[in-house]
Each structure stands twice: as C-alpha cells, then as structure tokens.
Amino acid sequence: MTAAPEQIDVLDEAREQVLERGVGLSEAQVLKVLELPEDRIPELLALAHEVRERWCGPEVEVEGIVSLKTGGCPEDCHFCSQSGQFPSPVRSAWLDIPGLVRAARQTRDTGATEFCIVAAVRGPDKRLLSQVRDGIKAIREDGNDIQIACSLGMLTQEQVDELVAMGVHRYNHNLETARSHFPQVVTTHSWEERWDTLKMIRDAGMEVCCGGIIGMGETLAQRAEFAVQLAELEPDEVPLNFLIPNPGTPYENYPVVEGAEALRTVGAFRLALPRTILRFAGGRELTFGDLGAKQGMLGGINAIIVGNYLTNLGRPAQQDLDMLEELSMPIKALSQTL
Amino acid sequence: MTDLMTYCSFCGKEEAGGDHAFCRQRLSLIDPPRYCSECARRMVVQVTPDGWAARCSRHGEITSAR
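The listed protein sequences correspond, in order, to chains A and B. To get our numbering, take the position in the first sequence, counting from 1, and add 8. To get our numbering, take the position in the second sequence, counting from 1, and add 30.
Calculated directly from the structure, the hints in this document are not laboratory data. Please read these numbers as outputs of a predicted model, since none were measured by experiment. Be careful, since some hints might not be right.
Chain A is nowhere near these chain B residues, computed Cβ spacing over 10 Å in every case [said to hold, decoys possible]:
#: 1; residue: Thr36
#: 2; residue: Glu68
#: 3; residue: Thr78
#: 4; residue: Asp80
A few chain B residues that face chain A, going by a derived Cβ cut-off under 10 Å, partial list only [unchecked claim]:
#: 5; residue: Cys69
#: 6; residue: Arg72
#: 7; residue: Val74
#: 8; residue: Val75
#: 9; residue: Trp82
#: 10; residue: Arg88
#: 11; residue: His89
#: 12; residue: Gly90
#: 13; residue: Ile92
#: 14; residue: Ala95
Note that the Cβ used here is the ideal one computed from N, Cα and C, for glycine as well.
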C-alpha cells in the first residue's frame, strides 16, 4: 500500500529525487527540511554530503577575496557595513595595484584556484573598471594564473562585455535573500535589477556566482523560497553567508544564526542545488565555530573562502587547509578549472 | 598592550569604566580595529586575505603583522 503523500518523509523523498536523480527539492520540500527536528540534522547532513559527492565530486574549491574599493557605497543594503547611508565605523578605502597583486599572490599561495576582486558600489564607473583592468594585467605580469572573479555590483551590457574581454571568468552578484523579503533588506534597488545583471552575465558566458545571507529576518518559508529561486537561476556557485551583525547597520542587534539552524540551512540548500558549488562564506566563524565548520563541510559544502573577508576577518587560511586535510577532502587544482 | 588602551578599537568608547567584553570577543574573532586606541578617530582600514592595516590620520598605521 502506498503511503499518503503527507506521510512520506522528506529525507526519503530527497534520497530518491536528489541523490538518485539529481533533481533539486521543491520549495515545499525545502521548507520541510528546514523544519526538521534537531535530532534529524545528522541524517540530513549525511544525505547532503552524499548528494554533493555524487553530483559534484570530492574536491573542494578554495577561494580568496579582497576589497578593491571599501565603504562609501550609495546603496542601503541593511546588512552591510560599507553602506554610506549608515553610521558604520567603516571608512572608504581604495586598494592600490601593488596591494591587489600581493593579495592575489597570498591567495594563490594557499592553493586557491579563485581570487575575487570586490568593490562596494552600485555598479562600476570608468575609474573602477580601469583599476580592475590594470589590476588583472598586473596580477598576470606577476606570473599568477589564478582564476579571477569580480563582484562590482550591477552591470550594463557594455560593462559585462568589458569584463569578459579582461578574462574575468566568474562574476558574483548575490540576490541576498528571497524575492519576497528583498524590499525589507534593500530599498535603493530591486531584486529584479540584480536578476537582470545575472542574466546578462550568464548570456555572456561568464560563470554565475550568486548567493546570499541567512539570518536577515527572513522566515523559514522565505529561506525555502530563496533556495528555489537560486536553483531557478542555475548558478555555477552559491556563496552562503550568515549574518554578521555589524555596528552601525540596521541589523546590528540581530541575533547570530544559531549553529543547528545554520547546519539545517546548509543541508537544505544542498538538496535544492545538487550540482552547484556551495561555498561557505562570511559569518561562519561566529555561527559555527570550529566544530560546526567541519559539520558543514561534511553536510553539503564543497567550497570555502579562506583567509579574511572584505571588512571582517576569517580564520587563518592554514587552519581551513588543515581542516580539509583532516577531512581527507582534496582541494580542486587549477588545472581542473581551466 | 590591551591594558594601555585609552579607547576601545572596536566601539571607539573609553576603555576605562566600560564593559568591552563583547568588543574584545569581536576583535579576537572577526574584526580588525576600527578606532584609534589613542584618540578614538575612525581609522581607514584595509583588510587583505592574510592581514589588515589600519591608519589613523593623527597616530599613523598599525598592522596585523605587528
């Protein structure tokens, strides 16, 4: 006798649907996963890990990031300490070309295959694009063949074409949260404007990196909505951040996402996005600590940002590399990405 | 060095008399200094993959390497 649909366990469904067939969970299914009781988290993470190994392989992609232009952003993303609209202690700064070259070298020396150049802007102006162009040229002249990604805000078609011509292979532009929650997080531009940039990036042949931040007041239903909206985009990479309540921002008093809830989210996003590079990004140090980071790596994550972030600090890169070695997880080699 | 601070480099308030346990936790985990410990001016901070540099217009630069 077949069980009534409401009696089918969501992890049993996921085993057949996601693990065996590679089909991501629906919004309703993701929500069920996010509502699993705490004692089922180990089972969820084990399945998510199996899914990631089956559909992505055993390698972990390592990336470093740096802020080329810090602070003074005209947008009002409520989580961001770099917005010029809030009384954050972060002051504007530009990284010069030698500093950018050093940062790329530091990243390459960790064994990373990705180096992402980031700027806190609505979109790039000519000066910023010129700095990026000169920076990439200087990184190459330094003998560094690391893959270069950029995150420079919303783009025009002409700017997309310029970045392709510079050899930028991946572009990060986060949708940040569910479409239904976005207006609570950002009011100076829309979710749809971000989506339009992402489509242009994809159409131009660049890899799409698009994720967001967990813990910005979204409901579990909105978290499930977000996972499925990301799946619809079919990004090559999804960076998963956990809110860092930074001083001066509207979210400075928001609670840090609790570890069990964060692990549930990691597992759920993997089951929604079986083939995507799912990257541990900012906030994991506060949310997880050392033990939780390992659980996440064994729960569907297959990429990691090592070293520091843009305005916040991460763990020393070597600590994460040691963790990967302890977990017997090979680091993706540059030759595999070319 | 911490005991000699006049101002908290996380929140910019006077060290003396305040409870800066949270500030110290953040500085030990995920934050570079944002305020000059000598004068509480906001510093220009550049974070890089393996360190940070913070510059006060009055008291100069400090780095994570120090």
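Against the structure, the hints:
1. Thr36: holds, 17 Å
2. Glu68: Glu68(B) clear of chain A: closest Cβ-Cβ about 16 Å, beyond 10 Å.
3. Thr78: violated, 5 Å
4. Asp80: Check fails; 5 Å does not lie beyond 10 Å.
5. Cys69: Result: violated, 14 Å to nearest chain A Cβ.
6. Arg72: holds, 5 Å
7. Val74: holds, 5 Å
8. Val75: Holds: closest Cβ of chain A sits about 7 Å from Val75(B), inside 10 Å.
9. Trp82: holds, 7 Å
10. Arg88: Result: violated, 14 Å to nearest chain A Cβ.
11. His89: violated, 15 Å
12. Gly90: violated, 15 Å
13. Ile92: violated, 14 Å
14. Ala95: Since the shortest Cβ distance to chain A is 12 Å, the answer is violated.
Hint violations for this structure: numbers 3, 4, 5, 10, 11, 12, 13 and 14, all remaining hints satisfied.
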